[in-house]
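Participant: In case you want the letters, here they are:
2 protein chains.
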Amino acid sequence: MIAAVHIGATPLGLVLSVMSAERERVVVVGGGFGGLQAVRKLRRAPVDITLIDRRNFHLFQPLVYQVATGALSSGEIASPLRSIFKRNENVRVLLGEVTGFDLAERRVLLDRLPNGGEGLAVPYDSLIVAGGSSYSYFGHEDWRPFAPDVKSLESALEVRRRILTAFEAAEVEQDPARRTVWLTFVVVGAGPTGVELAGQIAEIARDTLHRDFRTIDTRAARIVLVEMADRVLPLFPPGLSARAARALEKLGVTPLVERTVVGIDQHSVTVATAEGETERLPARTVVWAAGVIASELATALAAESGSELDRAGRIAVGPDLTLPGHPEVIALGDMVQVRDTDGNAVPLPGLAPVAMQQGRYAARAVNDRLRGKEPPPFRYRDKGNLATIGRAKAVADIKGFQLSGLLAWLTWLFVHLFYLIGLQNRLLVFIRWTFSFVTRGRGSRLITGRPTRAE
Amino acid sequence: MIAAVHIGATPLGLVLSVMSAERERVVVVGGGFGGLQAVRKLRRAPVDITLIDRRNFHLFQPLVYQVATGALSSGEIASPLRSIFKRNENVRVLLGEVTGFDLAERRVLLDRLPNGGEGLAVPYDSLIVAGGSSYSYFGHEDWRPFAPDVKSLESALEVRRRILTAFEAAEVEQDPARRTVWLTFVVVGAGPTGVELAGQIAEIARDTLHRDFRTIDTRAARIVLVEMADRVLPLFPPGLSARAARALEKLGVTPLVERTVVGIDQHSVTVATAEGETERLPARTVVWAAGVIASELATALAAESGSELDRAGRIAVGPDLTLPGHPEVIALGDMVQVRDTDGNAVPLPGLAPVAMQQGRYAARAVNDRLRGKEPPPFRYRDKGNLATIGRAKAVADIKGFQLSGLLAWLTWLFVHLFYLIGLQNRLLVFIRWTFSFVTRGRGSRLITGRPTRAE
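These protein sequence lines are chains A and B, in that order. Residue numbering for the first sequence follows the working numbering, beginning at -17 and increasing consecutively. Residue numbering for the second sequence follows the working numbering, beginning at -17 and increasing consecutively.
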């Protein structure tokens, strides 16, 4: 089904021509929420789809932090892309790293193939790019080793290793001052991920590990949640932020708002107020959940198309999510900034529902164009905003209704189980959560992997 | 509860005196099957127990290979040691690497503590050492990078990465010869682990991945199982070995018996017959499951006690599992060779049931000695031997009854679920197995971690 064409002395060794040449060739880059929805919605259309990702699985991003806290095991929130589309003969999955785009020749340039091969070019008739985003560290990549994020499974497992090792270290630490530093945890960024993570660390210290140790009292652990804005969950209505802050404080989390991180090293985080006053927080375990920067694919697309990038590295796309001058190229999700017909930025949050709706829209747009129709502009339907804080505690802002407490928490549980891929993962996560709720335990608190922190 | 005593200018910075000094201090080294049973059986006795392990979890070793095949997620077969004993105030868990023993002063020497500390000495009145074993690579440690084992979670995840990446590599490989090499898998060692692993790889190729790829036919994969003895499962009766071999062949596994591995590199395994004829098997994915060597703790104990080590590095212990001249020190499991009163070796297989029975025996022996009784010699009750080959296929040798097929497989399932620690893990594994059985899928086939193989 694949014909390889050697193209002379170009650095690209091969051109991959995918399946039958008569059908529209759609290439989707990225198997996250946006890309997955695009492929799902397109798979019954008369098109040949190639889904390209660096990883062989779709990761349920909103629950990665629960791997970091040992609440879930990594396999339970990831689904192999191939198995999702195994019954769709017109969907092909290709592992590799997209290094660039040749918009003139309509080819996606790939590298680092699983067989060690380099330089593959995948031709397309329609292209959907959904590269997502990563944490920015405010340009301080040197902080990353001291403050891993909870974006990938690998970094979540590293965070889990650090959190659990910190309690173990405190248990054998003879010096009381150093013990306190081992028992101090700093989470940077009080968006939903930061809030949920801080709440879970507090619950681990207070409930899960309380009877596990013989020397330390894990309840003495200090969890600090640093946020640049003037409140936690700044994207929520102020009333819900206040409720979330109270719930966090009750759990033992200290929110520290209006503070910018200005330094991180192996033993501390330094924060500064708007007035420039700095404070050094001694802590051995720091987790990063702040500052989002668009995927480098936005830069690659911009270089080819002449589109603008905003400060978060996002590429500007039109109301129909296409690149200016390239109706055959759609970009979506965290890596784009949608502009209306007047060129004004349409504010959209960097959330999974936005990417999912845009993915489905992209599929419809490709289908419309195949039939000679012009798609209507993308419109985001805000279905609400959810964040959980701890056991039976959450906040929800659903079309103006503000919920908190048990009802919000049950909504959160239901929504997350619903959007997980596959019945098996839903069942496994449901069992984990049930046990965590009943026993206050975290079943998967393993210290694995090799230490990457100098201790 | 812990008093630290600085002992002058010795390299050991600290002596840890555990809990009340009046009660018998029992130190158990190793949280595997043997150590865990010893602590479980002793925890209601009037003793203070310190359980020392490098890892913070008990690993259910017989199922680690299922993590390597993506059938299970790593958290599902591991249980945090602290949570197992959280309700036992007299049990203390200590993470660290045992570097040696001071039998004269009755202290266990520890290093690599979680806080980065070095040199801790843990005093004991009774000592139980259950260090287990690892794969030997027949002395060829240089083969390890090319042929990881399935002993630890980390190496199992590396094997999983290699198996799955091999299929991905074959999918994009244009050269038919190289594609064949990517689709060749060699498992070294046809004991239960090797047989089960080879069978699972065959099932993955034949059933699980069959519809996942668009270019390759995964059913063309070749799985070779290399064994030094003259049959697979050499510890089973010959009739069951023959049945296992037939079942393997039906699945597409080629057993290659009476072959010794004489070389492994990045692209091949070289095997030799007894006559010295060599054959090179081109393969990109090799998994090691042969040759067992005792934990280095056996060497450390031998150095102190003058006990003998056998060729597998195991230390000789008496009929009551104690070191000669040290009735207060018991060693057990894969790291010991039991000698009868005449000094003859008692042949015992290197299986979990042996370690578990010895662990329980050790607890009883400590208890007996506390009450001034002399324990009877250890006697192994052979409850049988099980190995699964694939879907509804297994062999069982239970007190002379030889089973194969569905009944043996159900026995295998039941026994493994029964011995898993904790209701939660049992439920999770049961769900995984049910889904695998019904869908022929492997839910956790994720390629994670960084490549350690040059590709």
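Source of the hints: derived by calculation from the structure; they are not laboratory data. Misleading hints may appear alongside valid ones.
Because identical chains share one entry, a pair is satisfied inside a single copy or across any pair of copies.
With a Cα cut of at most 25 Å, we get these calculated SDA-like pairs of lysine to any residue [unchecked claim]:
(1) Lys355 with Ser250
(2) Lys133 with Thr260
(3) Lys365 with Pro309
(4) Lys23 with His192
(5) Lys133 with Gly431
(6) Lys133 with Phe396
(7) Lys133 with Glu356
Computed from a predicted model, the values in this text were never measured in an experiment.
Participant: Each hint should be assessed against the structure and marked as holding or not.
Facilitator: How the hints compare with the structure:
Within a single copy, Lys355 and Ser250 get their C-alpha atoms no closer than 58 Å, and across copies no closer than 56 Å, so neither meets the 25 Å cut-off. Taking the shortest Cα distances, Lys133 and Thr260 never come within 25 Å of each other, neither inside one copy (28 Å) nor across copies (49 Å). With identical chains, the CA atoms of Lys365 and Pro309 are never at most 25 Å apart, being 28 Å at best within one copy and 70 Å at best between copies. Within a single copy, Lys23 and His192 get their C-alpha atoms only as close as 47 Å, which misses the 25 Å cut-off; across copies the closest is 24 Å, which meets it.
Proximity of Lys133 to Gly431 under the C-alpha cut-off of 25 Å is found in both arrangements, the shortest distances being 17 Å within a copy and 14 Å between copies. Taking the shortest alpha-carbon separations for Lys133 and Phe396, only the intra-copy value of 22 Å comes in at or below 25 Å, while the best inter-copy value is 38 Å. Taking CA atoms no more than 25 Å apart as the test, Lys133 paired with Glu356 passes in neither setting, with 36 Å inside one copy and 58 Å between copies.
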